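Residue numbers (numbering that gives the first Met the number 0), protein chains in the order written: chain C, 0 to 409; chain P, 0 to 336.
Misleading hints may appear alongside valid ones.
Under the rule of at most 30 Å between Cα atoms (straight-line distance), these lysine-lysine pairs were calculated in the DSSO-like manner [to be verified]:
id	chain 1	residue 1	chain 2	residue 2
1	P	Lys274	C	Lys292
2	P	Lys274	P	Lys64
3	P	Lys274	C	Lys290
4	C	Lys264	P	Lys274
5	C	Lys305	P	Lys318
6	C	Lys264	P	Lys308
7	C	Lys407	P	Lys183
8	P	Lys64	C	Lys377
9	C	Lys166	P	Lys146
10	P	Lys274	C	Lys239
11	P	Lys315	C	Lys264
12	P	Lys315	C	Lys401
13	C	Lys198	P	Lys146
14	C	Lys264	P	Lys318
15	P	Lys205	C	Lys401
16	C	Lys377	P	Lys318
17	P	Lys183	C	Lys242
18	C	Lys264	P	Lys310
19	C	Lys29	C	Lys52
20	C	Lys377	P	Lys274
21	P	Lys274	C	Lys401
22	C	Lys377	P	Lys264
23	P	Lys274	C	Lys242
24	C	Lys377	P	Lys183
25	P	Lys311	C	Lys302
26	P	Lys318	C	Lys407
27	P	Lys64	C	Lys264
28	C	Lys401	P	Lys318
29	C	Lys305	P	Lys274
30	C	Lys239	P	Lys318
One-sided and incomplete, this derived list gives chain C residues near chain P with beta-carbon spacing under 8 Å [unchecked claim]:
id	residue
31	Cys109
32	Val122
33	Trp236
34	Leu255
35	Leu259
36	Leu337
Honestly, the hints are just simulated from the structure, not real lab data. Small disclaimer: the values here were computed from a predicted structure and weren't measured. Positions of the beta carbon are idealized from the N, C-alpha and C atoms, including for glycine.
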Amino acid sequence: MELLEYQAKELFGMVDIPILPSQTIRDSRKIKQLQIPYPVVLKSQVRSGGRGKVGGIKFVANTIDAIAAARTIFNLSILGEYPEVILAEAHYNAEREFFLAIVLDYDLQCPVLLGSAYGGMNVDSLLTNLQQVVIDGSFSLFYARRLAVSMGLSGQLISSVSEIIAKMYQLFQEKDLELIEINPLGVNTKGELMALDGKITISDHALSRQPIIETLNLSKYQKQYNLERAGWHWLDWHNKSGKVATVCNSFDLALLTWDLLSQNKINPACGVVIDDNLTNQEDGSSLYSEKLKQILEDLAAIKGLKVILINIWSTETRSQEIIQTVDQYIQSLEESNLAAQAENIGHHSDSSKRDKSTKSKVKETLKPMPKFILRLLKVELTDLKTDDTIYLSSSLEESISKAIAMVKSS
Amino acid sequence: MNFDSGRQHYYSLDDLSTYTQTSEIYSPYCLPANYSNFMNWSSPNKVIIQGITESEAAFYAVQMKAYGTDVVAGVSSGQGGTTVGDIPVFDLVEQVLEVTDRIDTSLIFVSPYQVLDAAIEAIATGISRVIILTPNVPPLDTIRLIKYAQVNNTLLLGPGSEGIMIPEQVWLGKLQPQFYQPGKVGLITTSRDLSYEVAAELNQAKIGQSMVISLGNDRIIGSKLPQWLSILNEDPHTEAIVSIGKTIQETEEIVAYCKHLGSDKPIVCYTAGLKTPQERTFQDAVTIISNHLSASIPAVNQERSIISKLKKAGIKIAKRPSEIPPMLTEMFNSKVS
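All chains, full assembly: derive it from the sequences and hints.
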C-alpha cells in the first residue's frame, strides 16, 4: 500500500529524518487557524505523481491567498483523484536537491540503495546520475557512505547524507517497506538537509502486522484497499464492447480463459474470480452457491452481455453445486420473465390501444437472458439437460469454441 | 546432521563452473551445490508437516498419508500429544527426532507471519528440504529465510509453492494427484491450475508427467526456475520439459538459462496472460524507480517481444495448453529419426 506524502513524513519524523513544520488541512476554511508562518506551500495529497505540473502545489503569502488556493486544490482532480487532505508546509530555500531511495529488488532478492545528486523534478538528469549499492546481507553504515561517495558528494555531506540513508533503512526494515524515497532531499547554504517530499510503500503482505496502519489517517482509497475481500472479486480488465464474461476459480484460470477468447478475436467484457477454498466446507456449500448467485445477478446487469463462461476446475461435488445454482438462476429468470409477459398480455387485453411508453416499460422489466457455458470436470454424471441456454463440457477447447460460436451468432 | 552426502561436487564440472558468478554455490545457471536435496524424491522420504492443525494442512496431511507419503509427524505448538488422523502431533520439530531417526522433508503450512520462524526451526533441526505451502509471506522475511537456507545448504521451495508431485509415486503438497498421470514430461510451474490444464492435455495424449514442481506464487521465492531446469535436465525419467508461467519473468529466466548452458532436452514454454490487459510489474530496483518517477515506460503488448526472444534461444512456444502435446510428439519423433 502506498502512503501519501504527509503519511510518509509522519514516518520520517519517527526516525528523526528532518522534515519541515507542517499541518494537514481537510477543509479550506480551516486554513485560517494555520500555525505555520507565511509564506507557506500547499500540496495536494494524492497518489499519483506529477501534481506540481498540473497545479497541485501552490505557494501562498497570506491567509486570503491561502483560502483561495486551498479551494482550487480541493477541486482539482489529478488523474481522476480529488485530494481529501492538503499539506500546508513551511517554505525552504534549497540550494541543491538530492534523490535518495531504498527499493526491494525482486531480481536480486534484496534491498538496493539508490541515490542521485540531481534530485527534484528533472527526471532525466536524475536517472542519468543514478547510483546504486546492493545490500546483500545485513546493513552497515559504510554501504550508505559508498552510495554518497558514488553520488559525488564530499566533505561533511558524506556523513550527513549517510545518516539519513541509515534512518531510511531502519524504517525499511521495521515497517516492512517495499520502497522508501526522499525526493528531493533539500540542501541549504549551510549544508543542512531537509526531506521536502517523500514516498513510502508498505508491503501488502505485511500490512496487518504493522500497527502504524491503525494510527495513520487512511484515505478512502487506502481503506478500500485494506478491506478483506468478500469471497470473490472483479478483475481489473474491462471491455465496454465485450459480449462474454468469465467466471473462474483462480486468477490463473482467468488469464488462460481470457487469452483463449482473445486469440480468437473475442474480447471479453469482464471477469470475476471466485474463491475456492476446498477445505472450508463446514456449511461452506450453501455459502458458495450464494456467492455464485450474487455474481450471476451482477453480471446480468451488464449491458450487451450475451454469454457467461464459467470455467471452474474443482471437485465433482462443487461442480454439481455450480450446475444446480446456474440451473436455478436460469429458472428464476425465466419465471420472472414469464410473469412479466403475462402482465404485458394482461395490459393488452385491458385496452388494446396502449401507448408506446407503457410498452417499452414492460420491455424493460423483461430481463435479458444470457447464455451459459459451464466448463466443469466430470460432468458426465449430471442429469442436466443442455439446451440453447446452457452448455456443459469438461473440455476447455470445446467450451471456448462454443462461446465464440454463441457470440458470433448473436 | 550430515549435509555432505550424495553428489555434492557435481556443480564444479568445468563447463558449468565457467558460468558461476560471485556466489558459486547458488549461481542460477548450474546445478545447485545441494544437488542431492533436489533429487531422489521417490526414495524413502520421511516427512513432517508444520502447522498440521490448521484446517488446510490437516486436510492434505490425511490424504497424503493415505496416498502413501511417509508422514511421520505433525508439529503444532501447544497441540503436542494430540493426533491428526493417525498422525502424532508434537510441539517442537526436534521432539519428532525422538520417535524417528531422521526427517528428510518438512511441509510448512503455518500462517504467513510464522513462516520464517517455522522454517528456521526446521533448518536448525537439520532438515534438508523445506517446502513452504503458505502464500503471501512478507518479502523481508523470505529474504532472511533464503539467506539462512543458503548458509545451511537447505533446499527451499516456495513460499506459495503447491508442492511436488511424481504421479503414482510421490505426493508432497497441495497438487491433486488424480489430475496427473505417470509419463516422461517434467512440468515446472508457478500455477496449480495451469499445471492441471497442461497435465490434462498431456494425459489425453498419453504422454503423462515425470515430475511436477510448483515453484511458488510469491514474488520472492527460494529455489528458482533455472535450478529446476538443470535438475530435470539431469533426471533420467524426464525426456522433455514444459515451463508453465504467467509472467515475462519466467520466460526471461529460461532464455538466460539456455543461453548459458543450453539444454539437452527439448523445452516448451507456455505463458498465460499474454493477451490480457494486465499491468506489468517490474522486478529490479532501477526500473521500479524509473517507472514511478516518469511513468514513461510504454505499456506495450509483451507478446511479440517475448516470442521473438524465445525463438532466438531455440525454445518452442505453445500459445495454448492444447498445442503442447503435438509439439512434444514432433520433438520426440525428430529426436528418434
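Hints, one by one, checked against the model:
Restraint check for P:Lys274 and C:Lys292: the C-alpha separation of about 28 Å stays at or below 30 Å, so the hint holds. Proposed proximity of P:Lys274 and P:Lys64 is contradicted: the alpha carbons are some 41 Å apart, above 30 Å. With a C-alpha separation of about 28 Å, the suggested pairing of P:Lys274 with C:Lys290 holds against the 30 Å cut-off. A hinted pair counts as satisfied when its Cα atoms are at most 30 Å apart, and C:Lys264 with P:Lys274 qualifies at roughly 10 Å.
Distance restraint check for C:Lys305 and P:Lys318: the Cα-Cα separation of roughly 26 Å lies within the 30 Å cut-off, and the hinted pair is therefore satisfied. Between C:Lys264 and P:Lys308, the direct Cα distance comes to roughly 24 Å. Compliance with the 30 Å bound is thereby established for this hinted pair. For the hint pairing C:Lys407 with P:Lys183, the CA-to-CA distance comes to about 40 Å; that exceeds 30 Å, so the pair is violated. Annotation: proposed proximity of P:Lys64 to C:Lys377 holds, straight-line Cα distance about 25 Å (limit 30 Å).
Among the hinted pairs, C:Lys166 with P:Lys146 is consistent with the structure: their alpha-carbon atoms are about 23 Å apart, no more than 30 Å. A distance of roughly 17 Å separates the Cα atoms of P:Lys274 and C:Lys239; the hinted pair therefore holds under the 30 Å criterion. Taking the CA atoms of P:Lys315 and C:Lys264, the gap is about 23 Å. The hint holds against a cut of 30 Å. Distance restraint check for P:Lys315 and C:Lys401: the Cα-Cα separation of roughly 28 Å lies within the 30 Å cut-off, and the hinted pair is therefore satisfied.
For a cut-off of 30 Å, the pair hint linking C:Lys198 to P:Lys146 stands: about 28 Å separates their Cα positions. With a C-alpha separation of about 14 Å, the suggested pairing of C:Lys264 with P:Lys318 holds against the 30 Å cut-off. A threshold of 30 Å between alpha carbons decides the hint, and for P:Lys205 with C:Lys401 the separation of about 26 Å falls inside it, so the pair holds. About 26 Å separates the Cα atoms of C:Lys377 and P:Lys318, which keeps this hinted pair within 30 Å; it holds.
With a CA separation close to 41 Å, the supplied pair P:Lys183 and C:Lys242 exceeds the 30 Å bound. Taking the CA atoms of C:Lys264 and P:Lys310, the gap is near 24 Å; set against the 30 Å cutoff, the hint holds. Between C:Lys29 and C:Lys52 the alpha-carbon distance is near 26 Å, which keeps this suggested pair within the 30 Å criterion. About 29 Å separates the Cα atoms of C:Lys377 and P:Lys274, which keeps this hinted pair within 30 Å; it holds.
Annotation: proposed proximity of P:Lys274 to C:Lys401 holds, straight-line Cα distance about 20 Å (limit 30 Å). A threshold of 30 Å between alpha carbons decides the hint, and for C:Lys377 with P:Lys264 the separation of about 34 Å lies outside it, so the pair is violated. A distance of roughly 17 Å separates the Cα atoms of P:Lys274 and C:Lys242; the hinted pair therefore holds under the 30 Å criterion. Our distance criterion of 30 Å between C-alpha atoms is met by C:Lys377 and P:Lys183, whose separation comes to about 25 Å.
Pair hint P:Lys311 plus C:Lys302 does not hold up; C-alpha atoms about 45 Å apart against a cutoff of 30 Å. Taking the CA atoms of P:Lys318 and C:Lys407, the gap is near 23 Å; set against the 30 Å cutoff, the hint holds. Annotation: proposed proximity of P:Lys64 to C:Lys264 is violated, straight-line Cα distance about 47 Å (limit 30 Å). Between the alpha carbons of C:Lys401 and P:Lys318 the distance comes to roughly 19 Å, so the proposed pair stays at or under 30 Å and holds.
About 21 Å separates the Cα atoms of C:Lys305 and P:Lys274, which keeps this hinted pair within 30 Å; it holds. About 26 Å separates the Cα atoms of C:Lys239 and P:Lys318, which keeps this hinted pair within 30 Å; it holds. For C:Cys109, the interface hint holds, since its Cβ comes within 8 Å of a Cβ in chain P; the closest pair sits about 6 Å apart. Using the Cβ-Cβ criterion of 8 Å, the hint placing C:Val122 at the interface with chain P is satisfied: the shortest such distance is roughly 5 Å.
The beta carbon of C:Trp236 comes within 5 Å of a beta carbon in chain P, closer than 8 Å, and the hint placing it at the interface holds. Among the interface hints, the one on C:Leu255 holds; its C-beta lies about 5 Å from the nearest C-beta in chain P, closer than the 8 Å criterion. Proximity of C:Leu259 to chain P holds as hinted, the smallest CB-CB distance being about 6 Å (cut-off 8 Å). Taking 8 Å as the C-beta cut-off, the interface hint given for C:Leu337 is violated, the closest approach to chain P being about 39 Å.
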